[in-house]
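Student: Order-wise, the sequence lines are chains A and B. Going by the working numbering, the first sequence opens with residue 1, and the numbers climb by one from there. Going by the working numbering, the second sequence opens with residue 1, and the numbers climb by one from there.
Hints were generated in silico from the structure; no laboratory data involved. Being a predicted model, the structure only gives us computed values, none of them experimental. Glycine included, every Cβ here is placed at the ideal spot set by N, Cα and C. Do not rely on the hints blindly, as some may be mistaken.
Stated by the list, open to error - With a straight-line Cα cutoff of 25 angstroms, these simulated BS3-like cross-link-like pairs (lysine-lysine) come out:
id	chain 1	residue 1	chain 2	residue 2
1	B	K249	B	K222
2	A	K158	B	K107
3	A	K134	A	K46
4	A	K290	A	K335
5	A	K134	B	K107
6	B	K2	B	K162
7	A	K265	A	K203
8	B	K2	A	K134
9	A	K134	B	K137
10	B	K162	A	K158
What the hints assert, rightly or not - Which residues of chain A face chain B? A few of them, derived with a C-beta cut under 10 angstroms, are:
id	residue
11	I103
12	E124
13	L232
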Amino acid sequence: MSPAPKPLEPLIMHPRPSSIVAALYTLRDLDVDVVILHGPAGCSFKHARLLEEDGLRVVTTALDESGFVFGGHDELVNILNKVIEMFDPESIGIVGTCASMIIGEELHEAVLEVNPDVPVIEVEVHAGYRENTKGVIIALESALAAGILSEEEFERQKVLLNEATEVEKRHGAASKEYLEPSRGDTKYTVAKRIIQLLKEGKKCINILNAKKETGYMFADINAAVNQVAKDLGSDSVIVNMANLDENLGLDRVRAHARNIARDLKGMGVEVHEIIGGLDEYPVTGETVSKLIAEKYPGFDFAVITGVPHAIPMDNLEGMEVISVTNGPRQVLPLKEMGHDHVMVEIDLHPKTLGVSNIVESEFGATLRELAREEMQ
Amino acid sequence: MKQIAIYGKGGIGKSSTASNVAAACADEGYSVTIIGCDPKSDSSITLLGGHRIPTVMELMQQRVEITEKDVVFEGYKGIKCVEVGGPEPGIGCAGRGIIVAIKMLQKISTVMQDCDLIIYDVPGDIVCGGFAAPIRKGLVNDTYVLTSGEYMPLYAANNICKGFARLGNQLNGVICNSRNAENEEAIVSAFARELGSELLAFIPKDPLVQTCERAGFSVIEKEPDSGIAKVYRKLARTIIERDSACDPKPLTDARLRELTG
Ligand SMILES: Nc1ncnc2c1ncn2[C@@H]1O[C@H](COP(=O)(O)OP(=O)(O)OP(=O)(O)O)[C@@H](O)[C@H]1O
Ligand SMILES: [Mg+2]
Numbered sequence: 001m002s003p004a005p006k007p008l009e010p011l012i013m014h015p016r017p018s019s020i021v022a023a024l025y026t027l028r029d030l031d032v033d034v035v036i037l038h039g040p041a042g043c044s045f046k047h048a049r050l051l052e053e054d055g056l057r058v059v060t061t062a063l064d065e066s067g068f069v070f071g072g073h074d075e076l077v078n079i080l081n082k083v084i085e086m087f088d089p090e091s092i093g094i095v096g097t098c099a100s101m102i103i104g105e106e107l108h109e110a111v112l113e114v115n116p117d118v119p120v121i122e123v124e125v126h127a128g129y130r131e132n133t134k135g136v137i138i139a140l141e142s143a144l145a146a147g148i149l150s151e152e153e154f155e156r157q158k159v160l161l162n163e164a165t166e167v168e169k170r171h172g173a174a175s176k177e178y179l180e181p182s183r184g185d186t187k188y189t190v191a192k193r194i195i196q197l198l199k200e201g202k203k204c205i206n207i208l209n210a211k212k213e214t215g216y217m218f219a220d221i222n223a224a225v226n227q228v229a230k231d232l233g234s235d236s237v238i239v240n241m242a243n244l245d246e247n248l249g250l251d252r253v254r255a256h257a258r259n260i261a262r263d264l265k266g267m268g269v270e271v272h273e274i275i276g277g278l279d280e281y282p283v284t285g286e287t288v289s290k291l292i293a294e295k296y297p298g299f300d301f302a303v304i305t306g307v308p309h310a311i312p313m314d315n316l317e318g319m320e321v322i323s324v325t326n327g328p329r330q331v332l333p334l335k336e337m338g339h340d341h342v343m344v345e346i347d348l349h350p351k352t353l354g355v356s357n358i359v360e361s362e363f364g365a366t367l368r369e370l371a372r373e374e375m376q
Numbered sequence: 001m002k003q004i005a006i007y008g009k010g011g012i013g014k015s016s017t018a019s020n021v022a023a024a025c026a027d028e029g030y031s032v033t034i035i036g037c038d039p040k041s042d043s044s045i046t047l048l049g050g051h052r053i054p055t056v057m058e059l060m061q062q063r064v065e066i067t068e069k070d071v072v073f074e075g076y077k078g079i080k081c082v083e084v085g086g087p088e089p090g091i092g093c094a095g096r097g098i099i100v101a102i103k104m105l106q107k108i109s110t111v112m113q114d115c116d117l118i119i120y121d122v123p124g125d126i127v128c129g130g131f132a133a134p135i136r137k138g139l140v141n142d143t144y145v146l147t148s149g150e151y152m153p154l155y156a157a158n159n160i161c162k163g164f165a166r167l168g169n170q171l172n173g174v175i176c177n178s179r180n181a182e183n184e185e186a187i188v189s190a191f192a193r194e195l196g197s198e199l200l201a202f203i204p205k206d207p208l209v210q211t212c213e214r215a216g217f218s219v220i221e222k223e224p225d226s227g228i229a230k231v232y233r234k235l236a237r238t239i240i241e242r243d244s245a246c247d248p249k250p251l252t253d254a255r256l257r258e259l260t261g
């Protein structure tokens with residue numbers, strides 16, 4: 001009579017991204033003006049602060065012990081009224097927290113009471129989901145309900161999010177019970193290695209497979225490889241692939257793709273293959289594999305930035321693989337996949353918020369400096 | 001479709017009343033669903049010949065893939081029975097359990113839409129946000145208060161009406177489950193009137209309720225010809241037909257004492 005148990009997924013011990021934060025980032029991508037976090041003042045503070053740098057206003061209902069006990073309806077109504085009065089927003093998000101969701105707060109009751117004449121996206125989310133993409137999906141569902149997202153884009157996003165979850169399970173932060181954070185290989189050593197390969201005229205596949213705004217910094221690394229090759233007078237063939245399709249995804253994400261493509265062009269870098277949009281990092285792997293197999297066989301080494309673990313190893317076999325991630329917990333899985341050199345751009349994400357130009361990466365800077373020394 | 005909930009002091013007889021009303025409606029040919037929102041999961045047991053069914057929360061705790069057939073069971077005359085379940089007394093958060101289970105049910109099943117009468121059986125007082133989830137999520141449109149003519153049950157019923165006022169919920173009527181208090185029918189009748197509502201049924205205290213319960217049945221199923229079965233049938237018809245409600249005006253405590261004094 002009882003249903004068959006699902007195979008238990010391993011317990012994962014290391015801390016991972018929060019669904020509440022994922023919902024906040026999603027509302028930012030939807031160009032929502034103000035978000036109210038309904039819960040304790042400190043919840044998601046660090047990310048809320050970062051998002052403010054990116055133009056999203058975040059406020060909190062600051063629930064305290066008495067709010068937990070007596071409910072936070074009045075506080076939410078109050079803040080909602082204040083937000084409308086102070087900021088005159090064109091759209092408002094309300095995001096739940098663990099505390100408010102456990103005590104059964106109904107975000108909708110406050111919205112009904114205030115009855116604002118701009119769309120309100122109510123996101124009933126807490127941080128207790130196994131996959132943080134759940135926060136994105138709930139936020140998108142609410143955006144769909146509020147009429148600020150098309151059904152078509154919603155379906156497209158859902159497919160991408162499921163793939164992103166799969167990628168994390170296969171080779172990412174959800175692949176092991178415990179992953180030790182690591183800084184990876186030193187940038188100095190790997191930069192030296194790349195310079196040597198370029199001097200030997202080795203053929204390079206240079207891939208940018210970035211998640212949204214992180215592309216502003218990862219692209220700098222791909223650009224540096226091209227610039228350094230040119231400065232060194234290298235004979236290396238370099239094929240640049242990038243997920244910079246300007247016609248896919250939410251408006252904000254398309255704008256990032258346009259900005260990065262424009263800057264790359266300005267830096268003299270030609271992108272030979274567009275492998276998808278900036279939100280398609282979990283599904284570009286197949287495209288890349290096929291391109292390598294059909295158009296670019298026999299290359300010597302690959303540089304992969306962004307979400308390197310989404311690129312399958314099949315057709316990278318035999319190449320020297322150099323990858324750059326921004327997750328200290330991504331180092332081990334990448335090494336296990338067979339990457340020869342793995343580096344971490346520490347604190348990359350914060351530096352890519354609130355920008356619309358490519359920003360300098362530590363590894364890009366290291367490469368350029370070593371190349372300069374080399375030429376003296 | 002009627003979506004109802006019966007509220008009242010703990011132990012006053014909400015679950016017995018709910019299951020007997022459900023059985024009486026099923027006898028009349030209505031399709032009925034009962035959702036037990038009590039962590040002790042005792043709402044549907046007398047509709048299932050005394051059997052316990054797996055609860056939504058216990059399956060979620062086992063992390064199994066849940067489908068409709070795992071949690072929706074047919075009882076007396078095809079009544080669809082669901083038990084939310086929840087933690088043992090003193091641990092965890094039963095209120096959250098109701099929120100989670102209802103969300104899950106909405107996703108995997110149509111029992112909350114495809115029927116003539118759906119009864120949410122909620123325990124005791126509405127002690128936290130979760131216990132009001134069926135109301136607050138708009139799943140309940142008719143609410144009833146069950147009380148005896150004694151001071152404490154009336155006090156609880158009155159308090160619950162204060163909650164309704166707060167939730168913007170209306171009251172469809174008061175039901176008296178007798179505990180053989182003196183002057184009981186008149187007291188509860190006056191209470192109902194002063195709330196702005198009316199007394200819809202006076203259910204006598206009858207040992208049959210407990211004998212049938214012990215055997216695992218409703219009175220309707222096991223003693224269909226008894227007097228109390230008739231009372232439940234009449235109440236069931238009233239609930240199905242009733243379409244008036246009021247914004248209850250809670251009484252003062254002094255007035256409650258006076259009524260029962
Ligand atoms: N009219 C009645 N005559 C005799 N016994 C009754 C009557 N109504 C209910 N009972 C008995 O009272 C006890 C409590 O009833 P029940 O479990 O229905 O209360 P409840 O309000 O659902 O309680 P809880 O708040 O714990 O959910 C049961 O043993 C039941 O059989
Ligand atoms: Mg009960």
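Student: If a hint holds in the structure, say so; if it doesn't, say that too.
Tutor: Going through the hints against the structure:
1. Annotation: proposed proximity of K249 (chain B) to K222 (chain B) is violated, straight-line Cα distance about 39 angstroms (limit 25 angstroms).
2. This hinted pair checks out: K158 (chain A) and K107 (chain B) have alpha carbons roughly 17 angstroms apart, not beyond 25 angstroms.
3. Between K134 (chain A) and K46 (chain A) the CA atoms are separated by roughly 20 angstroms; this keeps the pair inside 25 angstroms, and the hint holds.
4. Under the criterion of a C-alpha separation no larger than 25 angstroms, the hint pairing K290 (chain A) with K335 (chain A) is consistent with the structure, at around 23 angstroms.
5. For the hint linking K134 (chain A) to K107 (chain B), the alpha-carbon distance of about 15 angstroms falls within 25 angstroms, and the restraint holds.
6. Of the pairs offered as hints, the one joining K2 (chain B) and K162 (chain B) holds, with about 23 angstroms between alpha carbons and a cut-off of 25 angstroms not exceeded.
7. A distance of roughly 21 angstroms separates the Cα atoms of K265 (chain A) and K203 (chain A); the hinted pair therefore holds under the 25 angstroms criterion.
8. Under the criterion of a C-alpha separation no larger than 25 angstroms, the hint pairing K2 (chain B) with K134 (chain A) is inconsistent with the structure, at around 33 angstroms.
9. Taken as a hint, the K134 (chain A) and K137 (chain B) pair is honoured in the structure, with Cα atoms around 21 angstroms apart against an allowance of 25 angstroms.
10. Taking the CA atoms of K162 (chain B) and K158 (chain A), the gap is near 43 angstroms; set against the 25 angstroms cutoff, the hint is violated.
11. Using the Cβ-Cβ criterion of 10 angstroms, the hint placing I103 (chain A) at the interface with chain B is satisfied: the shortest such distance is roughly 5 angstroms.
12. Look at E124 (chain A): its Cβ gets to within about 9 angstroms of chain B, closer than 10 angstroms, so that hint holds up.
13. With a least beta-carbon distance of about 55 angstroms to chain B, the hint placing L232 (chain A) at the interface is violated under the 10 angstroms criterion.
Against the hints set out earlier in the document, violations occur for numbers 1, 8, 10, 13.
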